[in-house]
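Given chain G, put chain P in place with the hints provided.
So the sequence lines, in the order shown, correspond to chains G and P.
Residues in the first sequence are numbered consecutively from 1, following my numbering.
Residues in the second sequence are numbered consecutively from 1, following my numbering.
Simulated from the structure, these hints should not be mistaken for lab results.
Remember, it's a predicted structure, so these values are computed and weren't measured experimentally.
C-beta: ideal position from N, C-alpha, C; glycine also.
Be aware that a few hints might be false.
[As the list claims (entries may be wrong)] Stretch-level coverage of chain P by chain G, calculated; a stretch enters the list once three of its residues show a Cβ under 8 Å from a Cβ in chain G:
{"hint": "1", "segment": "7–13"}
{"hint": "2", "segment": "159–171"}
{"hint": "3", "segment": "290–301"}
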Amino acid sequence: MIHQIFKICWNQKSVNLWIWLEMIVVSVILWVNVDTIYFLTSDYFKPLGHDITHTYRVNFNSASEENPTNEMTVGEKILAISDRVRNYKGVETLSFSFSSMPYSTMDNYSYLASDTSRVEESDFMAQRRTVTPDFFRVFRCMDAEGKTETLTNALLEENKIIVNSVIANKLYPNENSVGKKIFMNKSPHIWETGVSAVIPIYRTSEYSPINSHATYFNLLPQQAIAGINETGWIEAIVRVSPEADHDFPERIKRELGSALQYENVFVIDFTSMSEIREMVIFGIGGRELSQKGIIAGFLLINIFLGIAGTFWYRTRQRQNEMGLRMAMGSTHANLQRMMTGEGMVLLALATLPAMIIALNLGWIEFIPVSKGRMLFTPERFLICQAITVGLMALMVLVGIVFPARSIARLHPSDALRCE
Amino acid sequence: MLSTISILGTALAMAMIIALVFVYQINIGNYAPEVNRDRTLYIRSIGYSSGNNGQTNGFLSQELIRKHFYPLKNVEAVTALTSFTSPTLATSLNGQRMIKVSYTGTDDAFWKVFSFHFLSGTSFTHEEFESGIRKVVISERIARYCFDSSVEAIGQTLKVSGVDYSVCGVVADVSSFVSISRADVWFPYTCQNWTPSWADGEMRDIIGIFNCLILAKSTADFGNIISQVDQVMVKVNSELHNGKAVLHDPPITHAAQLTKKGSAGSSDLKGSIIKYATTLFVLLFVPAINLSGLTISRMRRRIAEIGIRKTFGATHGNIFGQVLYENFLLTLIGSIVGIVLGYLFLNFGANAFLMDKVDLLVGRSSLVDLTTSSNLNHLFHAVFNFSTLGAIFLFCLLLNLMSASIPAWIAARNSIINALNEQK
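Here chain P stands alone, though its shape is the one from the complex:
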């Protein structure tokens, strides 16, 4: 009975750790289309302050990015993308098919920073981007609704927000776990003027509606990129006469930018880490006490048995080895049960732990639908693979062994008579 309880305890701990690893992967890990999260730096918001009018905060302007961030050195790519959250209408076939879509205006570097799976056609090229051509890449869902298939969509006209575009590529639907790369349609931002009407004077060169993502060749280049951006801001400010521009954060990693509070807040990576570390500690500490206590109790019951085995000639090594073997077996069984439990939990309870945004107006809830196969594939492999599961298993094993070793060792060293005397 104690063994059963030990197994259940291990299973529960295992399931919980799997859930946490899964959530971590979704938030921080690399998977399509955001396959380069670990090499990406984000510049998302900036403030412009001028004496009389206080400080205005917002996203970056097109001019700022094109003049100063595109030319950065030692980088693999720099991309700018619009930050819209409200959806708009897309119409096709002379207004007969209408659908709500979320849209992003971006450049050709976007397709280098993110890895999209093109079902047909391609993305727009650099020359096309520079010329402001009206081409659009659409998602499979839109292609199927508006044009019946992704192949037929190529070359057709799609009217988005009142402007006609020609469909140049169709990509597989984007997983609803990601946010910044997710949209239904993407077009070159050069085809329209995006300067907000409330920006005037010098502010137009600073504040706008864009996010800037920098793909480094490797994380070792981060320091260099950050200092380059520092120098860029110095140069920008030397050209301003009426005010000052200040980035809310230096270029920050993916994990850090997730902790930004609102579009104008600074990131709070440390606070988030503390919060999650505390939760993790709690979720691991309690099962750890449980397992240790149960194992010690189990070992205590066996002291008399160990005494008898010693009279029959068992050595310290024998006894110790047997203890280890038994606990290994129990942990193994517990882990397998835990993996199954973890899988079931992720299918039905994972929504609770994910950092997603709710798209109010798009009319589809972005609460995660794990049964959509495109979501499952990406992340299940990230979690349910041998190295990750193996690592978790080793952790549980270590826990079990540590709590078993102490009483086993003491028992093994006891003189035979004492052991025999110790009743059940």
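Only chain G is shown next, with the shape it has when bound in the complex:
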């Protein structure tokens, strides 16, 4: 049966040529889009390592001063206001950080290695998060045993960092990395620190790949906060108790009123972390996802139209052949199956060259691949190819449905009369 279908396809090669070419082109482009979508979403539903419910970011701004008294810095004023916020009824904890909060759009990186000889050429990039101990309480981060206090204590250890399991597995695989040394390349200096604790999971967003997002935490000392003179970068985040979390921003602004201001530094608003997430998530992954999805959908519809057109033409053109087959004993179902078989054979003939082209594109990194994120692995390639071929096959099936149905209505004598 398959051999016969191959023959039929070959006999009609002049007609089949353009649809075959189109299938190759679309398979490749579709694969590129599917791969990007996979790259973005593969870890979407896995754990994030932080809990943003009932959390709010405190947004500060400052007016420039007419007569600067120079007694207190902007940072000290922020600390003063934050103390008042911390003491407000319902607020459980308040933390400070730079470029560390979930869904933060800023990041800082260092290159890490496990010994001095390798650190200069190290290409292992880890995101640095500078936080106060309360940060782990605000976001309910936990160590492997589910305890937050291990982390808050570990952060205070001098000259040590908390690493996540990606770093631990990369630099000290198969052993307990607590207590081991880490070397950081921050040209022109090399810093030596040690591991004080391991946090199993912490990633910025659902779009950060879970197995390659390397990050570590170091301490943000009080003096550093006091020394800042701009309000835009500091992340001050509060966790509010569930009972107190209704209309929290309005209530605290109303009840604290002018206490939320210290000379020229003031609180603009309290934005809930889930609101921040909504605003950021589109930019960091959602937009590209919908772009690729729309392009993929567009391509699939085009293939559907192409297949439907080709096979419709085919049923018309080969009516006499169909009639002959029916006269020789073929059933309608047989004919439909043969037609679908032709479509699938065409697809298979197109998939092979398409896969080779795709492999080459992946090799030269035409698709998104970056250090610290997902690499081009055989697993990724095979999964995405399977999805691509599956989608194409679906389009072929759907495209052949109507032409195949029209065969079912064919009466052998009518078909033969067309001769």
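Using the frame of chain G, we list chain P on its own:
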């Protein structure tokens, strides 16, 4: 049936092209308030390097712009505007109405470079700018919230970031498609000192918080302006003793400055163009193959019919003409369907393709809300007008005709007997 599929194929291609043209217009085209994008050059960032401290990058300082860029010749206007992204609080009526606003400090030339629609009042004048007067222009949204109406707002006091201003004008809300001209309040930057606290010594004259936009009289003057700026930088550097100032880019066009990566990166126009050209090619190539293949198939089926018509006396011209006419009709119907599809798509799917920034702290998502009428009006006319739609239609027609002509021509030239023999 094949005709239906051809129509759908054309419609899809048409809709996609419309979407792309729309996106292009939003990013690069002229519309209120940025009506002069094609004549504007941008200087957005500068670096100052001094031996020991490495390089500091940032926006431009007030001194640099006032001393060296304002006096440029052969220009229509030069404006400086602050680059803040964080919002602040605006308060009115003794603190009773408070609202988060994004703010821009700028000069009087700003209102020449951009075209704002004033609902009441006017902008501040040049003299007012020079004197550092505390006047502010606010958007309709703020006027309505703080003062109940744009007319009542004039002359009232608005406290922005702790400083009192008098409202001198109210403008219609700015479309969320634009970025650099968008804000809620605008005041003369001369009323405060904006030198960042971390800039010291010579750096204060170079690095600051301003963007500089130059409105040329015509694009032909671009070359002259760029060389003037070159000479300006030479002069600036001759006055520096401890370091060197280098612009990250020469004055660049609107399209190029969109491709800047971060405030200190250089623009990468070529890379962006390649990326978008590839996407465009893909999005047009596949429907093109489709349409060609479908049309050729359609023509093939008609070869016998053409043979019969030739026996009855049809000439080459007749046949060819009929083919063209049919395909024209199919393309026309397909295009109309495509226009409708395009319109629907833009209403529900356009967010995905736009280069917008997300204002984290302002508390309003700047994801485009196409149902806001002020957005719709500007751009729909840019896309949904006869010349643009006509151009797209002609493109699809050309595609259709090219794929129809070849088999039609061959069929027309075949001897009658061969044509008749060729069964369906």
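Hints, verified against the model:
Counting residues of the segment 7–13 of chain P whose beta-carbon sits less than 8 Å from any beta-carbon of chain G gives 3, enough to reach three: the coverage restraint holds. For the segment 159–171 of chain P, the proposed coverage by chain G is satisfied: 3 residues have a C-beta within less than 8 Å of a C-beta in that chain, meeting the threshold of three. Check on the segment 290–301 of chain P: 9 of its residues sit with their Cβ under 8 Å from a Cβ of chain G, so the three-residue criterion for coverage holds.
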